[in-house]
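Novice: Join the two chains into one complex using the hints; note that each chain is given alone, in its own frame.
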Amino acid sequence: MQLSNRNKGRIGATLCLVTANLFSTTGLVQAQEVQNAFDEPATNGPGNIIMDGAVMYYRENNSRIQAIEPMASYTDYADNGDIFSIKLTADSLSGASPFGATPWIAPQNFLSPTSVTISGDDGSTGASGGVVVTDPVTQMKILQTTAKANELPLNPGFQDTRGAANLSYTKALASRTRVTFNLNGSIERDYQSYSGGASIAQDFNNKTTTISVGVNYQHDLSKRLYGTPTPFAVMTGVFTDGTKSENIVSATAGITQVITRNWLVQLNYSYERATGYQNNPYKVISVLDPVTGAPQRYLYEARPDKRTRNAVYIGSKLAVGSFVTNLSARYYHDSWGINSITANASEHIPIGTRGYIEPGVRYYHQSSADFFNYFLLSNAALPQFASADNRLDKFNAITASIKGGYMLNDQIELYAMADYYSQTKAGTKGLLPGNNGSLNLFAGVKAISVMTGVKYRF
Amino acid sequence: MVGSDRLSEVMTTIAKPLKYQFKAMNSPCEVQFDCNDAALAGELGRLAEAEAARIETKYSRYKEDSLLSRVNRSNGRPVPVDTEMMALLTYADNCYRLSEGLFDITSGVLRRIWRFDGSNKVPEDHEIAALLPLIGWDRVVLGPDNITLAPGMEIDFGGLGKEYAVDRVLMMLAAKTDVRILVNFGGDLRVSGPRNDGSPWRISIESVEENRKTEGMIAISSGALTTSGDARRFLLRDGVRYGHILNPLTGRPVMGAPRSVTIAAPTCLEAGIMSTLAMAKGRDAEEFLRDEKLAAWVLR
Chain A
1 MQLSNRNKGR
11 IGATLCLVTA
21 NLFSTTGLVQ
31 AQEVQNAFDE
41 PATNGPGNII
51 MDGAVMYYRE
61 NNSRIQAIEP
71 MASYTDYADN
81 GDIFSIKLTA
91 DSLSGASPFG
101 ATPWIAPQNF
111 LSPTSVTISG
121 DDGSTGASGG
131 VVVTDPVTQM
141 KILQTTAKAN
151 ELPLNPGFQD
161 TRGAANLSYT
171 KALASRTRVT
181 FNLNGSIERD
191 YQSYSGGASI
201 AQDFNNKTTT
211 ISVGVNYQHD
221 LSKRLYGTPT
231 PFAVMTGVFT
241 DGTKSENIVS
251 ATAGITQVIT
261 RNWLVQLNYS
271 YERATGYQNN
281 PYKVISVLDP
291 VTGAPQRYLY
301 EARPDKRTRN
311 AVYIGSKLAV
321 GSFVTNLSAR
331 YYHDSWGINS
341 ITANASEHIP
351 IGTRGYIEPG
361 VRYYHQSSAD
371 FFNYFLLSNA
381 ALPQFASADN
391 RLDKFNAITA
401 SIKGGYMLND
411 QIELYAMADY
421 YSQTKAGTKG
431 LLPGNNGSLN
441 LFAGVKAISV
451 MTGVKYRF
Chain B
1001 MVGSDRLSEV
1011 MTTIAKPLKY
1021 QFKAMNSPCE
1031 VQFDCNDAAL
1041 AGELGRLAEA
1051 EAARIETKYS
1061 RYKEDSLLSR
1071 VNRSNGRPVP
1081 VDTEMMALLT
1091 YADNCYRLSE
1101 GLFDITSGVL
1111 RRIWRFDGSN
1121 KVPEDHEIAA
1131 LLPLIGWDRV
1141 VLGPDNITLA
1151 PGMEIDFGGL
1161 GKEYAVDRVL
1171 MMLAAKTDVR
1181 ILVNFGGDLR
1191 VSGPRNDGSP
1201 WRISIESVEE
1211 NRKTEGMIAI
1221 SSGALTTSGD
1231 ARRFLLRDGV
1241 RYGHILNPLT
1251 GRPVMGAPRS
1261 VTIAAPTCLE
1271 AGIMSTLAMA
1281 KGRDAEEFLR
1291 DEKLAAWVLR
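Keeping their order, the protein sequence lines are chains A and B.
Using this note's numbering, you'd call the opening residue of the first sequence number 1 and step up by one each time.
Using this note's numbering, you'd call the opening residue of the second sequence number 1001 and step up by one each time.
The set of hints was computed from the structure by calculation and includes no laboratory data.
Quantities reported herein were computed from a predicted structural model and do not represent experimental measurements.
We put the beta carbon where it would ideally sit given N, CA and C, even for glycine.
Treat the hints with caution; some may be incorrect.
Stated by the list, open to error - Listed next, with one range per pair, are the computed distances between beta-carbon atoms: (1) Lys1176/B with Met51/A: 31 to 37 Å; (2) Leu1142/B with Ala416/A: 39 to 45 Å; (3) Pro1080/B with Val258/A: 38 to 44 Å; (4) Pro1200/B with Val265/A: 26 to 32 Å; (5) Ile402/A with Pro1200/B: 46 to 52 Å; (6) Tyr363/A with Gln1021/B: 52 to 58 Å.
Excised from the complex, chain B in its bound form (with noise of 0.2 Å):
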């Protein structure tokens, strides 16, 4: 066994991947090696760590010295951002037109008043009403390497930064070597291909029951895999169920969206995105993957 100790291997007479596992995003990670190259993985698979701790680093919220926080402390003067971020920021531009608004990263002060703790506490009128101001990336003034946020407002990539470091990781290791590879940060996650005996990679769908542990299997050979939806997040009054989508546009959850919404998609980044504004559609969820012609299972 070679170097670190979060390389582990499994003997058994079926050759099982090996795997590369730490923590970043506040998610469980690993990448896997379908190849018996301890030290590659190793060596590989701390690239792909450093790279994942260099996008939290730079555009985790959390992080009080981030790119991104940055930013939201600006208070209304323009931030210099360099090209990786300003990219990012033209993606996040796109798709809130493409999505006519129900992608938008301004939308998280919202969370300021909504926790789904499962609690019946469903904030007044008045308070979405006061936050809905501050919420509308149509009021950020993107110049040509700058960003400029009026007082009050925040950006984050919550929806767009686990697959992003997905991507970037995949593409970055399918660089260096020929071995087939799968990168999953939390759920989100991507193939460099089939496995090496030209088998599909099997995932299994996390139930949204509680006494249920998976639904499924999913079988890939190519490309990426999101799940959005969480059934542990909602809010219970009355009656009504809130779940944890929240529309950007009225400031309150979207009514009837399913339960959990899994995308393939030759991106994580596109899967991630397109997993988001499913769940969004509400009860048009599959209405809306049907015209787009995705391979999704919705759960509801």
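The following block holds chain A by itself, in its conformation from the complex (with noise of 0.2 Å):
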């Protein structure tokens, strides 16, 4: 009895994966009572496609930033092993954000440069609250806002929306190899990233360890309204740079390990260099008298033009019953004088048989970089770079967060979260000159934000 040369030497190869959808057409959940819904990985198997969409709200403390993002996406998993995944983010961000300048016992005047025509409402402008001037010199318009006495300057006004693109392809090249490749591009009014990885897996122990190694290339462009500021140039509101763009380069290199098979670990080391243009050129750093605090003028930050990360992060997974205990520490260093610590701890929590409630705590450290500072003396040189970002500053903040979802039935997952982010200031306090100690220079924010969304199984 001849085979047909179509199927011959094939017939084990295709067996294999009829017998496979046989077991998971007649899975377990059927011989043993279920425990819960959350328990067996068997949502994201081979033969199933999610669509996810959900919306989150963001807000910080002070009138200072709010934002909506939806975001939407969906993964097919392919019966051969293969994955594909597309992913789509808007955000639509609002209010004020602190800029660098620190704040005075009188009223302080900043000018920026605007468009000819503007009005209160007009949101796509991104500019309102202030006054328009005309420079007497170039006759160009110029807008001059006004921080109130003792309190943290913002830029006031701003608006931005964004919207970005995420996708990835993995293939299963053999039973114990898989090839993800991603590109992901972000655009928004005054500044846009694309990027590009591919990394690879390796399966080795019976599917017990796995390795894996990747690179990413991602370019931005910085295209700031109205111009780009010369660092250390005068806050005057004239500028004459145009597009500004920064190159990264990373690479990881990953080893998960299960150690039983209720506990896994992980562990990633990562490099990144990036060099370009990494200034914010919103920013502005306050140079003030040495004995009296006030304020003489402002100048634009500056910041080097590379910057090169490292990172290591280890994780832990361990199951005991329905019950998961996620633990995690990461360490970070890097060329500007930047050292971080972050540890997470989280626990998932089965309720009844459709649900989940996961609390989770983080805790983060950092030091600051080496440039930063509250303000500048008028009489001292000009160091190389300075900066007075408040995210460049030594702080700690801790988040609390709370996770919980439903499944409806077995092709619908309700999710929601909600977390609440509060930095505080690590070390010294900064004081201004003079005796005006009583003025808070740190800018840490405090932050809520709350997600829902759904996911769809078929």
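Specialist: Structure, rendered in structure tokens:
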């Protein structure tokens, strides 16, 4: 009995697939009591398509930033082990943000460029709450904003919308090897970022060990509205430079090890090198009188054009019945002098057979960048680099979060998350020269965010 | 010693696995546990026994009230079947197509005329011709949740049932414990991994020769092992030996089939189907196994 050439040598491979299908259709779920719908990772097994839609709302304290972010994604887990995924995100931000200037006991005026026509409610120009003046020399329109006395200056009436897309494709090269490609793009009015990367993962030891390595390239374009200021230029509202760009190359390597059926650990190392424009073109640093602390002028910040980052991450996931404990820690160091440590703990708690709740807490501490300063003194020579951006300050942050989900039926999952984030100054408090020690220079934030979404599996 | 008298423990200086034994599907069945925990072995052994009994009650053609027997009595009417049986029928359909008709669960009716009792009673051509219209999976109508057999046709899970039971029992028990286990139902077996010390389980292959007990040992650390072939079932007439593997397309035995084929594969079902297919290839069994790159032992 001759075997036709069509199937020659391939019966076993096809049989393997149909056998796997038989077992997943007659899943063990039928034979034993279901403990909780979130126990089995089968929801993301081959043969599933998952569509996910969510919206997140974010709000900072003291009338600072608020944002709303809808997201939609589509992921196809093909029968042969390939995975294709696309995710679209949009955000709409509004509010005000500190821009590096220190507070003062009297009101302060700041100048920034603006377009010719401006109205208080014109969201798309992003400028409101100020007075338009005309520069007597150049005849250009300049927006003058005023910060109140004794308050941290915030840039006014900021609004921006951003759209982003991420594509990812994982191909199973063999039963133990997977290669993944990803492409990302993000566009907003004054900034664009594009990146692409690839990684490969290989399983060993009966799939209990997985080693993966990846590389990524990112290109960012900063197109500050009305032009980019020269570093250390005085804040006059007149600019000359145009679009700036930055290139970031990164590599990661990691190992995931299954220690027992219920316990998984992971170790990762990542390296990143950024070259190009790294300033925040909206941020300034105040130059103060060394005796009284009064502001003399404001200069646009200057950061190095190179930054190298290294990070090591370790994580553990331990399951006890339907409960899962997640612990992780990350240590980070970069060439700007910032060292940070993050520690994270969360517990997944099943509720009945269809729900779960997951409280979590995260602690973060970072040291400040070498060139970070709250202000410069007018009698001192200019340093090579300086920035008063609060994200480069020395601070601690705690996040308390809670996440929960509920399986409405075998195909629909509802989920929600809420977290509270709070930054506090670490180390010596910044003090203005003179007698104004009561003014708080730390521009750290407190924020809440809530998100809710639906996942549909078919 | 806890509970059941089916639980036996051998105390020697070398730790031997605990064994839980019972009878099901017309075969001696056992589950071996590489541990000292007799209570656990007893509890899981009982689960294994219950699952084997559940599968037998549902799919045995020897039980009159099984779902399978109900299908065989349907006389041309559609019979509703549940998710599990539909999945097994779909599987049988896939195997039929993959094997180009050599694996066919409707071929059981041939046992009415072929009795492999060592005698010389070979059926006449007209007897075979009368049965052929009642054989052929392509004549079966599979609906979304039902099956329709033409009157006179029958299905049986003889080539699937035991292997499916081994896979299900192993997967169920492996989900409940890290203890290394071996599930063996009448020679179709599967292990959850190597033994605790990393060494493989040792299985002996029964000899087809009268005067030899075993043909040797196979060491297995993962996956399943099944053996097709039964040297005791044959017909002998005019110097021609007819082995008991029947070709559903011709209604006659496959000539030149090996006396036994043992195959290792990740699951018992895959091993079982492939060993049935290899036997059905007759003289071409070895070539088939080579093309499929299977770990196999053939005895002629």
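Novice: If a hint holds in the structure, say so; if it does not, say that too.
Specialist: Now for the hints, and whether the structure bears them out:
no.: 1; hint: Lys1176/B with Met51/A: 31 to 37 Å; in the structure: holds (34 Å)
no.: 2; hint: Leu1142/B with Ala416/A: 39 to 45 Å; in the structure: holds (43 Å)
no.: 3; hint: Pro1080/B with Val258/A: 38 to 44 Å; in the structure: holds (42 Å)
no.: 4; hint: Pro1200/B with Val265/A: 26 to 32 Å; in the structure: holds (28 Å)
no.: 5; hint: Ile402/A with Pro1200/B: 46 to 52 Å; in the structure: holds (48 Å)
no.: 6; hint: Tyr363/A with Gln1021/B: 52 to 58 Å; in the structure: holds (56 Å)
When the structure is compared with the earlier hints, no violation turns up for any of them.
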